[in-house]
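Hey, can you work out the whole structure from these sequences and the hints?
Number of protein chains: 4
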Amino acid sequence: MPTKNKLKIFNDPIYGFITIPNSLIFDIIQHKYFQRLRRISQMGLSYLVYPGAHHTRFHHALGCMHLMQKAVNVLRFKGVEISDEEENGLLIAILLHDIGHGPFSHAMEHSIVNDVSHEEISLRFMEELNKEFNGSLTLAISIFKGEYPRRFMCELISSQLDMDRADYLKRDSFYTGVAEGNINSERLITMLNVVDDQLLIEEKGILSVEKFLIARRFMYWQVYMHKTGVVAEQLLMGILRRAKELVLQDVKLNCSQALYYFLHSEINEQTFNAKTLTIFSKLDDFDIVAAMKDWANHEDFVLSNLCQMILNRDLLKIKVKNKPMKISDLNSHSQALMNKYNISQHEADYFVFTGELTNQAYQNTSQKINVLFKSGKIKDIVKASDQLNLKALSKPITKYYMCYPKKKM
Amino acid sequence: MPTKNKLKIFNDPIYGFITIPNSLIFDIIQHKYFQRLRRISQMGLSYLVYPGAHHTRFHHALGCMHLMQKAVNVLRFKGVEISDEEENGLLIAILLHDIGHGPFSHAMEHSIVNDVSHEEISLRFMEELNKEFNGSLTLAISIFKGEYPRRFMCELISSQLDMDRADYLKRDSFYTGVAEGNINSERLITMLNVVDDQLLIEEKGILSVEKFLIARRFMYWQVYMHKTGVVAEQLLMGILRRAKELVLQDVKLNCSQALYYFLHSEINEQTFNAKTLTIFSKLDDFDIVAAMKDWANHEDFVLSNLCQMILNRDLLKIKVKNKPMKISDLNSHSQALMNKYNISQHEADYFVFTGELTNQAYQNTSQKINVLFKSGKIKDIVKASDQLNLKALSKPITKYYMCYPKKKM
Amino acid sequence: MPTKNKLKIFNDPIYGFITIPNSLIFDIIQHKYFQRLRRISQMGLSYLVYPGAHHTRFHHALGCMHLMQKAVNVLRFKGVEISDEEENGLLIAILLHDIGHGPFSHAMEHSIVNDVSHEEISLRFMEELNKEFNGSLTLAISIFKGEYPRRFMCELISSQLDMDRADYLKRDSFYTGVAEGNINSERLITMLNVVDDQLLIEEKGILSVEKFLIARRFMYWQVYMHKTGVVAEQLLMGILRRAKELVLQDVKLNCSQALYYFLHSEINEQTFNAKTLTIFSKLDDFDIVAAMKDWANHEDFVLSNLCQMILNRDLLKIKVKNKPMKISDLNSHSQALMNKYNISQHEADYFVFTGELTNQAYQNTSQKINVLFKSGKIKDIVKASDQLNLKALSKPITKYYMCYPKKKM
Amino acid sequence: MPTKNKLKIFNDPIYGFITIPNSLIFDIIQHKYFQRLRRISQMGLSYLVYPGAHHTRFHHALGCMHLMQKAVNVLRFKGVEISDEEENGLLIAILLHDIGHGPFSHAMEHSIVNDVSHEEISLRFMEELNKEFNGSLTLAISIFKGEYPRRFMCELISSQLDMDRADYLKRDSFYTGVAEGNINSERLITMLNVVDDQLLIEEKGILSVEKFLIARRFMYWQVYMHKTGVVAEQLLMGILRRAKELVLQDVKLNCSQALYYFLHSEINEQTFNAKTLTIFSKLDDFDIVAAMKDWANHEDFVLSNLCQMILNRDLLKIKVKNKPMKISDLNSHSQALMNKYNISQHEADYFVFTGELTNQAYQNTSQKINVLFKSGKIKDIVKASDQLNLKALSKPITKYYMCYPKKKM
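Chains U, C, Z and S supply the protein sequences, listed in that same order. The first sequence begins at 1 in UniProt numbering and counts up by one. The second sequence begins at 1 in UniProt numbering and counts up by one. The third sequence begins at 1 in UniProt numbering and counts up by one. The fourth sequence begins at 1 in UniProt numbering and counts up by one.
Note that the list lumps identical chains together, so a pair holds whenever it fits in one copy or between two copies.
Below, a list of computed lysine-lysine pairs in the BS3-like style, where the Cα atoms sit at most 25 Å apart: (1) 282 <-> 252; (2) 204 <-> 319; (3) 8 <-> 70; (4) 408 <-> 317; (5) 319 <-> 374; (6) 383 <-> 395; (7) 395 <-> 379.
By construction, these hints were calculated from the structure, which means they are not laboratory data.
If you want it as structure tokens, here you go:
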């Protein structure tokens, strides 16, 4: 076990202080792979809607680790045995669970690194760090991969009650100023328990879990899927797709070396090797935005217009409905644009398009939340809660949107 | 209109500063009838569960007035005409809407002032103050009584979207430290609008209203109907009923003159006259608790034991279930107590009893919440919300409880 | 050591949750001596100025214990050895350090329990509880009395850096809404260290200590010595003195048995025996306020007027200056009152009087705050801080006030 | 006057909601010159010390405008006449007061745009916008330049009590999590008054002003001049100076067009023309950081090393003292580096250097803070405050630092 020699702390507007428990973890935080997260925004382009939303994946990762420390204390207090090594594994696993995120992750994954999930890349980073730190991350990796036999530890990293959600909802709510999304992470953690290596919520925590699911749903529609944010993200995806398209046609595009690499390569799980990881580790928000700033003056009509829209926050219009949009509306917008600027249907499609938004507040199939009753009984929360029709929260909601240019374009 | 001459402010941990808009309102606040609210706790005995819950009806009333100022500003901004006189009427009506509350209101109303609601008593106080202030409260009274023709003004005072709820949920959540109940009053107010003199919520506020209803439900079960709080309140009701019983048997009981009056009189709407109001205005938490402290040494077994239980927070046990309790369980507890202390069934009933708790998060019959869509359409929120099954919130929930003595009694 | 069996928590709006570490401490909290603190306001009559200031000594005591848990963790982290028994002693000592406070402590101590400090009474309570709990409080008592050889433990209970101040400044600031008094208790605690059994602040904490001293000074003048609060407290002292005076003249006064005892006895350290303690344990805010409410109708001009003034918040006027008041001004107010109501000089003195307010932000003589430099050197903070002239904070400030009736009296 | 047609609001974690008062102001905010502030961090590289400090100049500008709205309300309430046009001028002036800031302003001003202050550039932007908006900003410009005859309006924009400080201290404190710097902006604003067109603080606000000055001093040393932040900023200055140096030697450096322009031109007040402004408007944090990321691989030893240090947060060491550093220490570090890497003295100076930090909490010469006493007298706060030796705060404090490489370099 690493020695506890110095009290290292980070200031956090939410929790006050975040304490770094030992020097191994401190060294991981100091590593350039982790420092890079300082340059990756947690919420992508949401700051165009919520101007306070500039917090980073770096800060979120520290926050998760802080909550994990609390969870370990609560569970030990209740008699759940967790060794020092396991504690360390849990802390490292949660600290690094998101290290594989690239800049504007969602847009990236749907445009230039199609086939490799951020979880997979996180794992690659962890394995790389494990080499550098002489195997000290082995247990953490086992927990992260869900292979560690004590299942509740894996659930603390990834489940509907994991420390990831417990921090990000609170943090995103805090920085956006959307108070409705604020959850009482501490109360939730206080209500955790473990039976047969399974993570459970105690009976008296039922209302808090409901509240948590509702808050998540609220944040989903009010923040993550805010219609202006959706437009911005679609525009960014368009930019990256268009850039790739132009590159394939040998059109010259200025950008950083790391971004150049990803625009020019077809990356998938097989081709994603050590070199890819090294280059990926150099990619952050600054590569993307700096490229956008350059491309805003590019001669390509599509590329330059998309970039200007984001930079000047002069976005497309968007309509959101509960039913699919009419194709005829889409076509008339599209046709008007093609006529006005003499562009092709394919080019017009970057400015006129439809899409769907889906959310399911409670995943009732894969990872249920189980409730531990005083009597010892264990029930799925949907059945445990007699008050709110949680089934309603289990029903996926789908909305349909259409984007099209403002009149003045 | 009263002159605005001096900037009087109250500190409020929640809103920062509460500004008193004019000297008439300042004089009303200075009146002893209003000052008395400083000695009436907003949440009764809930501090036995939530030690921070010592805020008063005085502070809540100021908070409501503050929110009403915001609501008036928002509505005027949206083009709803509100004259200075109407504004003043709204502010006074909300300031005084709860002035008729006695100490531990719920327990009182179910024991010694059976038949007169606090709304009725609020009205009496307002009429009395109207005399003293030469008719300046006439418009406020009209709004409070729901008689003022501009219906939305009455709805700002009393409806599912009134400023009363907007403050008390936020305030109770703040002082108890139950963050889950915190609502974003300011956002709700920002979403208000008026069509055809009806108070509405704008379309983009639907999620906020849902969140507000959920928060209210949460507070209801987690705080207002917390099982320990329920026991305490039932014990207090028992104390007051027992005291009245003893008084009818001419047993001597020390207490304040005001409390003496109410223990010795049968008050109802007809007999509640000017004198009653004067005496009622002298009744506050201190009369009740001081009496309890004296009666804790009374020779009557029932009275002294009930008082000690509350004072030392050594309460009855309580079981809460979703189905009615079995009579047999009740009887066995009851019988044990009668045998042990040689008391009658009637006396034992003060320590062994059952009851029901009911809550309906959304009142879908009487006072609907209507949503104003961008298209101009207006719909009941239950129909407007396609996401959460708000019908679930409209279903009244009933729980059943049984109280009985701890083993050591 | 007591067993840790159940996670008992209290909600706290400030710290979130306060965890009760073991069943001995839980049982102490459950004891009626401690429960009584629920009925003693931390800030006396300050709520007449700051309507949110209704928090109790009960809540403050829990808060202190919470911070002590943090301090123990920080010091252990830095290598200071603290055994489980010592930790328990520290927690109990801080939990009970204020248990000897009566209602409206300051006013009481200057009127009816002249010669016995609340520290002395706290000690009596602790000794009594030590008997009931079979000696489990012995170490706590030793720390509380400053006799325990490891001096820093005593300093955590009572010094310029103790956990008492660390909680009450934060708590009073929170409930009054006076944000300027909010201190960063957690940062201060994080900067604590121990050398040679002496409690020190680390070099990088110098600014935080300065900030803390300034905040304390701010709270002193803005809150604790707020001129309206000073009047109210002086009036309350007058009430108690007048009551005692009347009792000596055999005038009948209604009040609770506990208050009756103290009005009729001369209590000092010698006569304060076990019986006195028992009766003292029954005295709380409700005895005082209930008496005031009764006495507001007493025939004695002085007593009834003083009581009405507080109850209706219709107080004396007050002038505060940096120089002593002129006797001539005092006399003219006094004479006017005597003439108008035909009362004696002695009676008029209850309504017309002068006084002094003194505060010294940093006590540079008795209990210095020492700073530990990275070099290992230790210096008094006044010498360590080169930035702010902390000497200025060491200089006692005295202000002078005069109270006199409003014109309409 | 612009019409008030739609309630536009921004979410702010600090103030809740920020309301945009009219469509002219809304259009200014929408302008790309203003939108650009979304990409300029308020606190530069401070996020390397305080990971939450990612808020932008965009958000700060909105916050200032919000506080100005409050100030206008308070002053009008007190009878100070402010016309609607003047209000609009005040709001626009404060909204745009910082629009001339470039990225990492302090570092820029000391390296590549030496001679033009950000105030001057703000003015250029305002004049440009005034043209686009047909003269609607004329009054705002007059206030901003300090030429408007009603002096207090200029003081609301720039003085020791201006709305700029009132927001940035609060905001920086909030996002860094350094609670000690939190000021009660609302109380300060409530205490403002105007006599003879001069902005004053009322007597009862003296303590709040002291608190504000102390908080500013605290933030200065704890945050703005935090030693790690100082190192980072010096490194950034070094990068920009080195880049300029290399460019003069015709060494090729990749960077954005806007940055290229400033690296290749000598800009001063005379040469700063309309074209310069246009290019300046395209410069933001992304140009600088993206350049750093490219240059981290440059063959120049100095440039690449400086860039890597910031990107990987692997900075120089720093010592801070109250006395100037010894030249001999400096030289030995310098010599060691020159030997090890075979670099020149000039190159070594980028890694080994000294500097000074100076702060004066209260500027007692130029812009005093005047206090308005109830008697009508007006005094400088230094003389008005009898409690704290504010002279101590007027004394400039100077500290000396030395930076040098870590051993491993």
